[in-house]
Each structure stands twice: as C-alpha cells, then as structure tokens.
Amino acid sequence: MTPKETPPAGTAMEQSPGCPVPPASADPAKAVLKTSRRGFLKSSGLLSLSSLMGTAALMTQSDEAKAAVEWAEHFQKNYRLMTPEEKAEARARLERRYSAEYGKAVTVDTTDAQPGVLMGYALNIRKCIGCRRCVKACVAENNQTRGERPGERIEWIQVLRMERGEFSKDKMDHGYPEGLGIQVGGNAYTPAGQVLEGQYHYEPEAVPEKDATYMPIACMQCEKPPCVKVCPVRTTYREPDGPVVIDYNWCIGCRMCMGACPYWARRINVANPVLPKEDMNPVTHYLGNRPRMRGVVEKCHWCLQRSRHGRYPACVEVCPVGARKFGNLLDPESEVSLILARKNVFRLKAELNTFPKFFYFYD
Amino acid sequence: MKKLAFHTMIIAFCCGIAATAFAQDAEKKEEVCFESRKGASEITKREIKPGWPNVKCSPKTGAALWYGDPYEGTVPMGKMPMLDKIPEGHALVKPRSEKLSILPMCGTACHNGVGPKFSPPTLPKDKKPTPIPTMESLLPDVKDLQHGRGRIWCLDCHHTTKRNMLVDNFGDPVSFDQPQLLCGKCHGDKLRDWRDGIHGKRIGEFASTGKKRWFVCTECHNPHNVQDGARNRGFVQLQPESPPQLPKGMKDANYEKVHPIAH
Numbered sequence: 001m002t003p004k005e006t007p008p009a010g011t012a013m014e015q016s017p018g019c020p021v022p023p024a025s026a027d028p029a030k031a032v033l034k035t036s037r038r039g040f041l042k043s044s045g046l047l048s049l050s051s052l053m054g055t056a057a058l059m060t061q062s063d064e065a066k067a068a069v070e071w072a073e074h075f076q077k078n079y080r081l082m083t084p085e086e087k088a089e090a091r092a093r094l095e096r097r098y099s100a101e102y103g104k105a106v107t108v109d110t111t112d113a114q115p116g117v118l119m120g121y122a123l124n125i126r127k128c129i130g131c132r133r134c135v136k137a138c139v140a141e142n143n144q145t146r147g148e149r150p151g152e153r154i155e156w157i158q159v160l161r162m163e164r165g166e167f168s169k170d171k172m173d174h175g176y177p178e179g180l181g182i183q184v185g186g187n188a189y190t191p192a193g194q195v196l197e198g199q200y201h202y203e204p205e206a207v208p209e210k211d212a213t214y215m216p217i218a219c220m221q222c223e224k225p226p227c228v229k230v231c232p233v234r235t236t237y238r239e240p241d242g243p244v245v246i247d248y249n250w251c252i253g254c255r256m257c258m259g260a261c262p263y264w265a266r267r268i269n270v271a272n273p274v275l276p277k278e279d280m281n282p283v284t285h286y287l288g289n290r291p292r293m294r295g296v297v298e299k300c301h302w303c304l305q306r307s308r309h310g311r312y313p314a315c316v317e318v319c320p321v322g323a324r325k326f327g328n329l330l331d332p333e334s335e336v337s338l339i340l341a342r343k344n345v346f347r348l349k350a351e352l353n354t355f356p357k358f359f360y361f362y363d
Numbered sequence: 001m002k003k004l005a006f007h008t009m010i011i012a013f014c015c016g017i018a019a020t021a022f023a024q025d026a027e028k029k030e031e032v033c034f035e036s037r038k039g040a041s042e043i044t045k046r047e048i049k050p051g052w053p054n055v056k057c058s059p060k061t062g063a064a065l066w067y068g069d070p071y072e073g074t075v076p077m078g079k080m081p082m083l084d085k086i087p088e089g090h091a092l093v094k095p096r097s098e099k100l101s102i103l104p105m106c107g108t109a110c111h112n113g114v115g116p117k118f119s120p121p122t123l124p125k126d127k128k129p130t131p132i133p134t135m136e137s138l139l140p141d142v143k144d145l146q147h148g149r150g151r152i153w154c155l156d157c158h159h160t161t162k163r164n165m166l167v168d169n170f171g172d173p174v175s176f177d178q179p180q181l182l183c184g185k186c187h188g189d190k191l192r193d194w195r196d197g198i199h200g201k202r203i204g205e206f207a208s209t210g211k212k213r214w215f216v217c218t219e220c221h222n223p224h225n226v227q228d229g230a231r232n233r234g235f236v237q238l239q240p241e242s243p244p245q246l247p248k249g250m251k252d253a254n255y256e257k258v259h260p261i262a263h
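Respectively, the protein sequence lines represent chains A and B.
Residue 325 in my numbering sits at position 325 of the first sequence, and the numbers go up by one each step.
Residue 180 in my numbering sits at position 180 of the second sequence, and the numbers go up by one each step.
Nothing false has been slipped in among the hints.
Pairs of lysine to any residue, SDA-like flavour, derived with a Cα cap of 25 Å: (1) K248(B) / Y202(A); (2) K185(B) / P95(B); (3) K60(B) / I217(A); (4) K85(B) / P332(A); (5) K45(B) / P276(A); (6) K210(A) / N232(B); (7) K211(B) / A140(A); (8) K349(A) / P244(B); (9) K60(B) / L160(A); (10) K38(B) / D144(B); (11) K248(B) / G295(A).
Since the hints were derived computationally from the structure, they do not count as laboratory data.
Looking at chain B on its own, in the form it has when it is part of the complex (with noise of 0.2 Å):
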C-alpha cells in the first residue's frame, strides 16, 4: 500500500513538472516582428537584460516598434565612395545576404556560368527576357517586373556569371548586401540623399560622424516591385496602428462632419 502511495506521487510530480514545463513552451513563444517593409528584415525578441528587451513590438501589426539595441545583428557597411569622414566601424548594416533565401544556390546550381551543358558558359544573346517556369515559381516577382518601366532586365542589376552577386556600371561584381552602389547607377540623387542621411532610415548615434545602422535600399524597397502597380509608389502600403481615443462626449470620428461648428 505504501509502496502504490509512493508510485502514484512520483506519477503526479512527474505530470506536474511536464504541465508546467509545456506551459512554459507556450509561453516563450518567439516574438518576431518586421522592421521596414513586411517580409523584409525581422527582429526576434529577446531580453538583454533583466527588464530591457531588444525590441518591443506591436501587439496590432507586428511592428517593431522600439529598439533597446540598434546595433543588434549588423556587420561594417565596407567601403563606400565619399564616406570616410566615418570612422571605421561606425557605419553598420545587418546583412541582406542572410535573409535571401535562395541565395546560397544562386550562384552554384543554376547560373553557375561553368556547369557540364554549358560549356563554354553559353549567354543571353540578346535583352529579351525569357520565361523561365523554376524561376517564377521560386520568385513570384520576377513574372511581373514592376521597375524601370519595361526599360530593363534582368541583367541590367544582376551579374551575368555570378548570379549571387549583383553588377555595377563597369560589370563588376557588387555584393547585395551593399545594394546602393547598384541602385545609385541610375539612382544618383537618391543616393547622394542617403549619403547624407536625408533619405531612408538611419538608427543608433545621431551625431554625424556616430556609430549608426544604415538601412540599406533592398530593406525599405522591393526592387522587383518598386512601382507597385497603379500605386506607383516606392513604399509599399501597411496597416496602421491604432487610432488615439476620441475626446470626451465625440461618439465618433465623423462626429463634427454631422454636427457643424460655428464659424
């Protein structure tokens, strides 16, 4: 009889310990939200310290909405024309390479330029785009190339034999995490705007010569999408955080449409 007693507390803790140990896993369910653009950059949150999280964010939208580390996940910018006022180390970006996630086998199974059919690495012959099916279905964007204006290709932003990399005016290889210097080819003004921090996004010290993180093109633009179709606006559109409360006595926000105000 003691021996059965004993059994069963033994059972009991057991559940217990599971019970709350799976209470537990669904509680630390991973807090992900997006930084710019939706399906672009994401942050999972975490706590630094005690009390101080490396981002809070929106319980509407899953936006980030707060940042306890600018820093966080980001690598020296490498070299950019007219800024070395920057101190080394202070212009960081978070690699766009690792969120890329056909990247890898760009370069190697496809568009490796060397593989046994093509040899030696057979070319486009001309500018025309060809439908290729294993494409569209690994990049939906590419069916319905909304930039430029039916005015360039493919290959006008990537490099020909190195499909990982993309291509800059001379044909040299330019790495996509350092997508300005293709974008600011035809792009020049914006690119001397964001040079100077006047255009896109920058986070950290605000002093110009501070450590900041530089929000490089590809993370605020689709560049396969930059028109995005009748909108014909660089930003794609979002949903917005909620409204603020409505003054006291104002049933809603159509209140003074229905109610005039004296003049």
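Pulled out of the complex, with its shape left as it was, chain A reads as follows (with noise of 0.2 Å):
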C-alpha cells in the first residue's frame, strides 16, 4: 500500500495510537457518549436486572393464569424439538390458560400423525355450487378471528366465481376486453383466466348462477411446500400424515410463507383476534385450531383436530352437494384413491412442481 492510497480514517488512528477515538459528527444520531468498559458494564448490568426485577415484580402483581403462561411459552422450544414432557407441559399451560380466557374447558389435543395414514383431498369441481357453506363451516370450527373492522375476519377458504367461456358472433368484433390489456387465457371475449380480488365477492340472490363455475380455493398441503422452504424460523413444517402445521408460537410473522405461497392459503393475523367466547370451540389441537394470537400466519390444516381422530373436516361435513371428499391415499378403498382411481383428476398449478395433496376432478 502507498502512502497515498492511504484513507484520511488511517491518518487519524495514527494520531492517537493508543486510544482509538472516532471523529466527532455533527449528527446526532451518531454522537457517542464516552463511557469506560466498567462503566458500560456496570449500568447494563443494572438495567438487565432491574427490569428482571420489574417482570418479576409485574408477574407477583397480577396473578392471572395468562401472564404466568406468557412467561413461560417465550422459553418453550419449537414443537418439532421438544420433548413428550414438554409437549405434555405446553398443553397443560395451554388449556389452563385458554379455559380461563373463554370460560368453559378447552382441550389442547397434541395427537401425533397416526402410521398409515396419508391424508388427501379431492373436490368435484362440477359439483361446487359457491354457496360458501364450507367457508363458514371452517370458520365456526377453526376459531379464526370474525370482527368487523379491516383485518379481523379471516377465512381461510376462498371461493372463486369463474365466467363460463362462450362464442358469440356480436361479440366477434370487440378484441380483447376493454381494460384487461393482454389476454392469458379463456376466450378472447371475456376476461377469463386472470383472478380479480373481486371474483371473490359475489353476492347474488341463489347460487348457482347461470354463466358462472366456482372453483373453492384452500392450502393443498403441498407435498413440496415453498411456503417451508422459505421459513426462516422453520415453524411450519409437513406432517408426517400429509398435512402442512404451524407452530404459532415460533412463527415470528415475517409473511415470507404468504409471499412464496402460490394458492394464496395463508393469513395473518394483522389485528388482535376477534372471537366471542360463546362461539369459540373448545376441542382443539396444539397445531391446528388453538386461539392465535396477533402477528402470527394461520391457515388450513384439514382440521387436525378431527382428522387425527378419525373424523372428516368440518368443510366436508357442510358441503351441500357433497363436492368435497377426504380420505387417506394409502387405502386403496378410501374415496380420494377411488377418485383417483377412477375419475378426470388435476392439481391446481401442477407445473410448480409442489405436488399438492389436493385433486380437483370432475365426472
């Protein structure tokens, strides 16, 4: 190095070798208080454990079962890490905490996927009539959050109103449909093949209408799920019996899973969630539908809850045209690998390579 390569900062610990002090700023922001090791030791030292003692002191004060909780669930591992007597604490605390919050006695389930079970699912896209029972029905047994202002009702269903394509000779001259610019797909008349948010939000006196299908909308419990991949905190992980969980607890709330998901199936909790203590269901599990808390993802799990004892999802169980079919791929005389076996099967964006758990077919 030459001396004039030499940078103005080296001149300036030249001048004072021994004690490096940096050069005063104008800003603010940068000033520098000019404290000594000891010093700065000492007051951290001090701070740490007055507000250990303020916690402390916070925690004697108000002898509510949810603060104690609280305390304790910020030093809890992540699920897939802890141990059965870890688990089995968590679940206590939890129940504890919940059947004190909602008034009657909630249940937090820690049942582990059952051997020879591969859960699947398979909806009759002919069949869906979009009268969006399956939405509420979700909503009633999975304690999402239903207030009324922006941000606090979740569903974590969607159902899509599509226009049925035609041909029509007035319409021959019109080009491609006003607005829209480039077609992706459908005819050239109408503007199919491209979702508006606004396709969700149909209103009419009865379903079915006339010119429209519906197509429902949830997480696939993708066999390769993008939205674990791009986890940081790796809170959400595959089920060995097919579902795709959440650990609300560690998730962190970075909305990485939401971006990389490209079903458009997961939420967040962006408000304090609502959920009136009457309506809220009480039998739930620990990676399913236990009450979330603000700035954490939730979505479908194929309601863990029941599916691991054996009982169809809540959405199953409501369809009126019974569209929606569930069972396990590993039983050849389940009604998904019959489906599978028998009738016109495909995967929504099967060239993403994600391998959903979810079929749609028709007859």
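Work from the hints to combine the two standalone chains into their complex.
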C-alpha cells in the first residue's frame, strides 16, 4: 500500500495509536458518549437486573394464569424439538390459559400423526355451487378471528367465481376486453384466466348462477411446500400424515410463507383476533385450531383436531352437494383413492412442482 | 297496612317471576336449520354438553354449518348390495319416512288397493297419468313432473298397491328410507359412485370402514323436480353465505374492472 492510497481514517488512527477515539460527528444520532468499558458493563448489568425485577414484580402482582403462561411460552422450544414431557407441559399450560380466557373447558390435543395414514382431499369442480357453506363451517370449527374492522375477519377457504367461456358472433369485433390488457387464457371476449380480487365477492340472490362456475381454493397441503422452504424460523413444516402445519408460538410474522404460497392460502393476524367466548370451539389441537395471537400466520390444516381422530374435516361435512371428499391415500378403498383411480383429476398449478395433495376432479 | 304491603310484595314477586319466564320463552325459541336442500331434512339446535351444540346454524341462510354430533337421529341403513365390507352399524341414514308428512296416509286412505269401492283393486289400465285434484293439492310437485322428460310416470317409482313404498325392478316394494335401491334402476353409474363415496355426501369418520351417516338420494334431490325447469340441474338454487371482507382500499367488488391493472 502506498502512502498516497492511505485513507484519512487511517491517518486519524495514526495520530492517537493508544486510545482509538472516533471523529466527532455533527449528526446527533451518531453522537457517542464517552464511557469506559467498566462503566458500560456496570450500567447495563443494573439495567437488566432492574428489568428482571420489574417483570417479576409484574408477574407477582397480576396472578392471572395468562401472564404466567406467557412468561413460560417465551422460553418454550420449537414444537418439533420438544420432548413428550415438554409437550405435555405446554399443553397443560395452554389448556389452563384458554379455559380461563373463554370460560369453558378447552382441550388442546397433541396427538401425533397416525401410522398408515396419508391424508388426501378431492373436490368435484362440476358439483360446486358456490354457496360458501364450507367457508363458514371452517370459521365455526377453526377459531378464526371474526371481527368487523379491516383485517379482523379471516377465512381460509376462498371461492372463486369464474365466468363460463362462450363464443358469440355479436362479440366478434370487440377484440380484447377493455381495460384488462393482454389476454391470458379463456377466450378472446371475456376476461377469463385472470383472477381479480373482486371475483371472490359475488353476492347474488341464489347460487349457482347461470353463467358461472365456482372454484374453492384453500391450502393444498403440498408434498413440496414452498412455504416450508422459505420459513426462516422453521415453524411451518409438513407432518408425516400429510398436512403442512404451523407452530404458532414460533411464528415471527415475517410473511415470507404468504409470498411463497402460489395458492393464496395463508392469512396473517394483523389485528388482535376477535373470538367471542360463546362461538369458540373448545376442542382444539396444538398445531391446528387453538386460538392464535396477533402477528402470526395461519392456514388450513385439514381440521387436524378432527382428522387425527378419524373424523372428516368440517368443510367436507357441510358441503350441501357433496363436492368435497376426504380420505386416506394409502387405503386403496378410500374415497380419494377411488377418485384418483376412476375420475378425471387435475391439480392446481401442477407446473410448479409443489405436488399438492388436494385434487380437483370432474365426472 | 302491613297486610296490604305484604300482598303488594307477593304480587310484585309473582310479576317478576312471570316476566322472567316470558323472557326465557322468548330466548328459547327453537333454532331449526336445514341440511342439504331446503325442505328435505332439518335439525333442531340443542346443547349436547355445556358449550357444545349438536349443530351450528347460519344466521344468514338458516343452513346447517357445523355438526357437533354427525349421527343424531340416524338408524342403520339396512341391507345394500356390495356394501358388505362395512361393519354392522357403521352405515347410518336418517329415516326419510319421518319427514314425509302424508306418507302414513298413503297406504291406508286412498291407495290401499282393497277399499270398499275397489274390490278387487282397480289398477290403472294404461300408463297415462290421470290428474287427481286431491293428489295435486296434497303434493303440488306432481302437477308438473320434472323427471324423465315425459318418459316415466308415477308407478314407475311408486308401488302399485302399497303406495307407502317404492318399487324396484322386480316389482318388489322398497322402503322410502332406501331410495337408492329405486334410483339405481336407471342411474346405475351414480349408484356405483354413491356406494364408493364419490357421489353424494357422508359425514362422520373418513376411514373407508368408518362409522358414517350417508345422505340418501332424496335428501339432496327432489325426485319430482330433479330437472328444475330450464336450469336443468340436479340441485336447486340456494342463497349463498356472506362474501369475505374486501381488501383494504378496495371500495367494491368491481374496483379492478374500473381501475385496470397494468400487466
């Protein structure tokens, strides 16, 4: 290095080799207090001690179950790394807290995946009438927030209204649909093949409408889930029996998974969840429908609290036309296996190689 | 004076009790919701255990939205060919005959086949339906039968002499609780799919040998009006549930069509 190239900071260092003092700045944000190492350690030690004492004082003052539980929750491990004893402890803690909060006996299930079960789902796209009963059943079962203000209403299933294709002579000179730019599918006269946010908000007197088909979308429980790949804290993962689940306690709310999901399946609690006591479903699963907190992501998990005990998910049970089918993919006699063997089946966005376990079919 | 005050107190007390009783009556109004299609089957809401209802109904449409007990009011399905793998008592149905209000009269009042006027029973001479005003007022659907496009008539499905029964291909009676045995005569592909759980609806346990409540044909389809006129669909139209919240900043559902998105 030639003396010519020596930076000015280096010259400053040369001027006071024993005690490095940074040059004073006019910016108040960069102002540096002149403290010794000993003094800094002393003050920081005092600060942490006092904050600990403050927390302890807070905890002893409010003898509510909630405060004590939150304290313990901060130190709990990722669900996958917990020992069975720690899981039982976490479960008892949550049960105590939820029961106090919602005024009824709430159970938090921690049943693991059952051997020999790989859950699969099928939906008859021709049968769906777009009545949205599955959407509301899901909310009734899974303790989603249901307030009125923006961001306080979460629904996991979206029903997309799609216009039927057509070819009519009088529209032949219209060209591309106005305002929508380049045609990306469907036919040349109707804006098909493009999903608009407004397509979820249809509200006719009666469904099915004459010129519409409906496509319900929720989490596809991919075999290669992009959301799992991007999660920086590894709180979302695929369970051995199929569903992709979330340990809500470890979610940091970064929304990486929401951006990665090609099926718009994930929702975030931007506001404090609104869940009335009388509507709360007291049968919950740790990885499933237990009440969530603000700032965590949630999504469909095929009603783990039900399906781990052999019961159909809530959306399957209320579909008035029987379009929704659920079963064990490893059982050749199950509904879903028979549909795969017999019907015309497709997966949504199969080209992305996410390998969903949610199949659309038609007769 | 003391006596008067005492009486007033008693009256006031009684009034209080009566008022609370009336208030409770008003609150306890039964909540009934329909299951698949309106008018086919209903459930009355009640509490199975504290905080656990048997069903949750939609406040908007009155449809059943959630089952606390999927097997409520069910009976074993009875014998069905090709369903022998399912253990005894694991295939359940809700009896249809309880829902059909005029069914108890059918076999006894008019169509008993042995009445004093009809001895020996007079059977229809041909397959041309004759309009019977009493019948049409009891069951308005029969005035305009929307099934089979004019190629079938009443006694293709209903038993000739036992009118409280349906009829199979051999002329043997079939119960109203097992309409699948009748419908499968023509709709064999649908019967096969229904038997395998692909067509129609089942609730309960999802395992192929699990305990399930099976919805039978007539719980979802009205057999006298399956075509539903010009719509020509098997399932009648329903009122939909409320739409989701609009995204922040979006005034209405047509927003994107008015404010085009750039590509």
